[in-house]
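S.K.: One line per chain: the protein sequences are A and B, in this order.
Sequence positions in the first sequence follow our numbering and run 15 to 81.
Sequence positions in the second sequence follow our numbering and run 6 to 155.
Careful, some of the hints might be misleading.
[As the list claims (entries may be wrong)] Simulated DEER-style distance windows between Cβ atoms:
1) A:PRO20 / B:ALA19: 38 to 46 Å
2) B:ASP34 / A:LEU17: 37 to 45 Å
3) A:ALA68 / B:PRO141: 21 to 29 Å
4) B:PHE73 / A:ALA80: 25 to 33 Å
5) A:VAL19 / B:TRP132: 16 to 24 Å
6) B:GLY75 / A:VAL72: 30 to 38 Å
7) B:VAL79 / A:ALA80: 23 to 31 Å
8) B:GLY56 / A:HIS74: 38 to 46 Å
9) B:GLY135 / A:PRO20: 17 to 25 Å
10) B:ARG66 / A:HIS74: 28 to 36 Å
11) B:GLY75 / A:LEU21: 24 to 32 Å
12) A:LEU21 / B:GLY56: 32 to 40 Å
Calculated from the structure, these hints are not laboratory results.
Note that this is a predicted model, so its numbers are computed, not measured.
Every residue, glycine too, gets a C-beta built ideally from N, C-alpha and C.
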Amino acid sequence: VPLLVPLLLLVGLAMGYGARWAGGCTSGHGISGCSAGSPESLVATGTFFGVAVAVTLVVHALTGGAV
Amino acid sequence: VSRGLRWSALAVGAAFGFLLTASGLGDYDTIHSGLLLQDAYIYLMMAAAVGTAAAGIAVLRRVGRTAFGGPLDVPRRRPTRSTVAGSALFGVGFGVGATCPGITVATVATGGLYGGLVLAGILAGLWLRGRVEQAPMTSAELRRPSVQRG
Chain A
15 VPLLVPLLLL
25 VGLAMGYGAR
35 WAGGCTSGHG
45 ISGCSAGSPE
55 SLVATGTFFG
65 VAVAVTLVVH
75 ALTGGAV
Chain B
6 VSRGLRWSAL
16 AVGAAFGFLL
26 TASGLGDYDT
36 IHSGLLLQDA
46 YIYLMMAAAV
56 GTAAAGIAVL
66 RRVGRTAFGG
76 PLDVPRRRPT
86 RSTVAGSALF
96 GVGFGVGATC
106 PGITVATVAT
116 GGLYGGLVLA
126 GILAGLWLRG
136 RVEQAPMTSA
146 ELRRPSVQRG
């Protein structure tokens, strides 16, 4: 549990830094940008969903299915 | 900011926050099982949201202007290296935390410490990226016109 605090801060740090770098997040690129057919948003959404699925599957495998 | 824009933004935000929570997207397990590819719910939800927004934008394009925000401006941009790099980093946080910024804001009201800690990190990350983008270019970068910032 003590590890959870810095981990959650780092999770937020990655999302905040990444969203500003990419010009949007799940709402901005994922919903607004994709619905407007913006190529940048389609690439961004594909990238962050792809990476999120990969990271989740890797963590799941490394923790023996605990996470 | 006009009064109409202020009130409509408040109404849209309240509806968005309510629906994110009511739909279960604020629950860790909903996002986690989706990212584990065990449940299609979050992808169907994204598709429904994009479909609804696309219909709304099609209507707005005909009208040509928004109700309170002036002329319609729907940017279409080409992806850059920043799009991919930023989204990849975003995806790491998205995957590990099973939450995104919108959901995080909603869960500050419902999810206790989890949302609050992630939100603190998000604000720090936004600030940090702003600092990096404001930083003056090094002389090496100035000599290479192809280098893009931001």
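S.K.: Does each hint hold? Answer for all of them.
M.R.: These are the hints, each one checked on the structure:
1. A:PRO20 / B:ALA19: 38 to 46 Å: violated, 32 Å
2. B:ASP34 / A:LEU17: 37 to 45 Å: violated, 20 Å
3. A:ALA68 / B:PRO141: 21 to 29 Å: violated, 36 Å
4. B:PHE73 / A:ALA80: 25 to 33 Å: At 49 Å between Cβs, range violated.
5. A:VAL19 / B:TRP132: 16 to 24 Å: Roughly 19 Å apart at Cβ, these two residues keep to the hinted range, so it holds.
6. B:GLY75 / A:VAL72: 30 to 38 Å: violated, 46 Å
7. B:VAL79 / A:ALA80: 23 to 31 Å: violated, 44 Å
8. B:GLY56 / A:HIS74: 38 to 46 Å: Because 30 Å falls outside the window, the suggested range is violated.
9. B:GLY135 / A:PRO20: 17 to 25 Å: holds, 22 Å
10. B:ARG66 / A:HIS74: 28 to 36 Å: Violated, at about 42 Å.
11. B:GLY75 / A:LEU21: 24 to 32 Å: Violated - the Cβ-Cβ distance for GLY75 (chain B) and LEU21 (chain A), about 43 Å, lies outside 24 to 32 Å.
12. A:LEU21 / B:GLY56: 32 to 40 Å: Hint holds: Cβ distance 35 Å, inside 32 to 40 Å.
Checked against the numbered hints above, the structure violates hints 1, 2, 3, 4, 6, 7, 8, 10 and 11; every other hint is satisfied.
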